[in-house]
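Residue numbers (our numbering), protein chains in the order written: chain X, 1 to 247; chain B, 1 to 247.
Hints may contain errors.
To be verified - Below 30 Å or equal to it, Euclidean Cα-Cα: the simulated DSS-like pairs (lysine-lysine) are: (1) X/Lys66 to X/Lys27; (2) X/Lys127 to B/Lys127; (3) B/Lys64 to X/Lys127; (4) B/Lys127 to X/Lys27; (5) X/Lys64 to X/Lys27; (6) B/Lys64 to B/Lys127; (7) B/Lys127 to B/Lys27; (8) X/Lys214 to B/Lys214; (9) X/Lys214 to X/Lys127; (10) B/Lys27 to B/Lys64.
Claimed, not checked - Partial list, derived from the structure: chain B residues whose beta carbon lies under 8 Å from chain X: (11) Gly42; (12) Ser46; (13) Arg49; (14) Leu80; (15) Glu103; (16) Ala104; (17) Cys108.
Worth flagging that the hints you see were computed from the coordinates, not collected in a lab.
Every residue gets a Cβ at the ideal spot worked out from N, C-alpha and C, and that includes glycine.
There are 2 protein chains.
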Amino acid sequence: MAPNLTSETSDTVRKTLEYVRHHRLAKGDRLPSERNLSDRFGVTRSSVREALAVLDAMRITERKAKSGIFLRTSPEDGGLDSLVMQADLGVSFDAQVTRDAIEARIICEEQAFRLACQRRTEVDLAKLEGLLDTYAVLAANGRNMADEDVEFHLAVAAASQNRILVRTITPLMLMSTRGRRRYFESAELRQRSLDDHRAFFAAIEARDEATVVKLVHSHVHTAAADIQAMNEAAAEAQDAVTPDPHD
Amino acid sequence: MAPNLTSETSDTVRKTLEYVRHHRLAKGDRLPSERNLSDRFGVTRSSVREALAVLDAMRITERKAKSGIFLRTSPEDGGLDSLVMQADLGVSFDAQVTRDAIEARIICEEQAFRLACQRRTEVDLAKLEGLLDTYAVLAANGRNMADEDVEFHLAVAAASQNRILVRTITPLMLMSTRGRRRYFESAELRQRSLDDHRAFFAAIEARDEATVVKLVHSHVHTAAADIQAMNEAAAEAQDAVTPDPHD
DNA sequence: CCTACCAATCTGGCCCTACCAAGAAAAGGG
DNA sequence: CCCTTTTCTTGGTAGGGCCAGATTGGTAGG
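Please construct the entire structure, taking both the sequences and the accompanying hints into account.
Here it is, written out as structure tokens:
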């Protein structure tokens with residue numbers, strides 16, 4: 001669940017995104033050449049090309065053969081995966097993006113969990129129960145359950161039997177990984193999260209859609225709000241020391 | 001909206017995914033080394049590394065330094081962007097994935113369009129009206145409006161003022177680009193799509209949420225069903241000639 | 001002054017070799 | 001059989017080189 005790219009590549013991706021931001025490039029604008037970027041960032045062209053391959057795949061840049069590298073969309077408008085990646089790279093989102101993500105998550109999880117009530121199998125329930133047990137143990141031991149939290153939510157979503165829905169929710173959760181980690185440092189919030197998850201399980205077992213929908217709203221909204229608050233606090237603290245180099 | 005990666009890189013990505021499928025690798029399994037892949041595919045290690053950077057960013061693979069390349073999730077379970085990429089690469093999805101995508105799209109668009117009714121601005125309406133005009137012209141001239149269709153839907157979603165929701169819907173639409181292209185080859189369907197879009201505009205202008213929700217269900221469901229049917233027909237025709245090389 | 005053409009230059013696409021350090025596996029010694 | 005040591009493998013990175021198309025700037029011609 002941690003940053004996945006190699007340090008060099010992810011560094012170059014981040015520097016490239018910084019370059020775009022710093023120079024306020026807009027859609028269609030051209031980036032410096034690969035060779036230029038490579039010595040600007042002090043890495044080889046190979047590394048630059050790896051980073052650009054990633055940005056291309058994220059639909060952020062577009063490389064036109066023998067012509068140049070062009071911005072396809074602003075980094076903020078790339079796919080959700082690109083937001084997850086940027087979160088991994090340490091980019092912090094503004095409050096609006098965070099609010100939007102919460103709203104989107106509620107929309108998707110509300111429906112996914114509702115479908116889970118209708119379609120959950122015994123296997124799904126067993127899986128959730130197992131996760132719940134692990135969750136309780138971790139909570140009791142004061143361990144950080146950020147990853148397990150995600151896993152539980154995705155397992156519930158998986159009970160909807162709609163794998164696309166699971167994949168839609170995944171980035172919405174992963175976007176806030178950093179905030180979630182901080183969230184679970186609080187013993188009180190750990191306990192609350194455990195209680196919420198137990199309530200989710202009970203409602204899904206009972207196929208009680210109305211309760212599930214209510215739970216999604218309260219759980220996601222309060223949890224996400226807490227995460228958001230922590231994100232903002234952390235972002236401010238970080239902004240204060242961010243130098244922002246570049247010509 | 002077309003394939004974005006360079007031919008070589010995308011080729012290598014596709015070959016790697018094929019390798020995974022062909023060898024039925026499961027989560028956590030190890031792929032051949034970069035050097036092995038490079039001469040297996042007849043490309044340089046640089047190209048392999050670019051492809052792996054992409055797969056890494058998609059959270060499909062994970063490269064552990066000095067150890068190996070491991071499958072993080074099955075390619076079918078990667079992020080939505082990875083599905084878009086695979087669609088670009090010509091991979092066809094099974095019927096279940098297509099059905100799931102339709103369901104997910106209905107869920108997201110229903111809520112996004114409902115929010116659009118509440119929050120749309122005059123600017124949003126003007127934008128939609130402009131797109132609608134273009135749409136009508138293209139339809140009249142018998143042109144393929146696949147891209148404009150996507151653009152219109154995303155513009156409606158944008159009227160929800162939730163950019164994350166837009167980005168959630170984007171891959172759900174882009175997944176079916178190929179099918180959509182075929183869809184718009186039919187004059188009858190072009191006309192129907194234009195009518196639907198006009199109805200969307202009217203409902204959103206009137207802030208008529210109930211109608212919009214109904215429209216989403218009928219429009220997406222029937223349109224997507226048509227696309228699906230075309231996809232399956234095309235997939236069968238394609239499967240018949242797919243050789244599937246490899247040791 | 002404008003246009004059409006042409007050559008030098010720049011750019012992305014790929015290939016190739018080489019080195020490093022940290023794992024993994026094999027070999028060796030007890 | 002276990003533990004240590006050596007060797008091999010592997011990803012990470014550097015740096016060079018060639019190709020061919022796109023770009024561009026200058027030049028000759030109208």
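Tested hints:
1. X/Lys66 to X/Lys27: It holds: about 19 Å lies between the C-alpha atoms, which stays within 30 Å.
2. X/Lys127 to B/Lys127: violated, 47 Å
3. B/Lys64 to X/Lys127: holds, 29 Å
4. B/Lys127 to X/Lys27: holds, 18 Å
5. X/Lys64 to X/Lys27: holds, 14 Å
6. B/Lys64 to B/Lys127: Violated - the C-alpha atoms of B/Lys127 and B/Lys64 are around 47 Å apart, more than 30 Å.
7. B/Lys127 to B/Lys27: violated, 45 Å
8. X/Lys214 to B/Lys214: holds, 24 Å
9. X/Lys214 to X/Lys127: holds, 23 Å
10. B/Lys27 to B/Lys64: holds, 14 Å
11. Gly42: With a closest approach of 19 Å, the B/Gly42 hint is violated.
12. Ser46: With Cβ-Cβ at 6 Å, under 8 Å, it holds.
13. Arg49: Given a least distance of 6 Å, the restraint on B/Arg49 holds.
14. Leu80: The hint holds - B/Leu80 has a Cβ within 8 Å of chain X, the shortest such distance being about 5 Å.
15. Glu103: holds, 6 Å
16. Ala104: holds, 4 Å
17. Cys108: holds, 7 Å
Comparing the model with each earlier hint shows violations of hints 2, 6, 7, 11; every other hint is respected.
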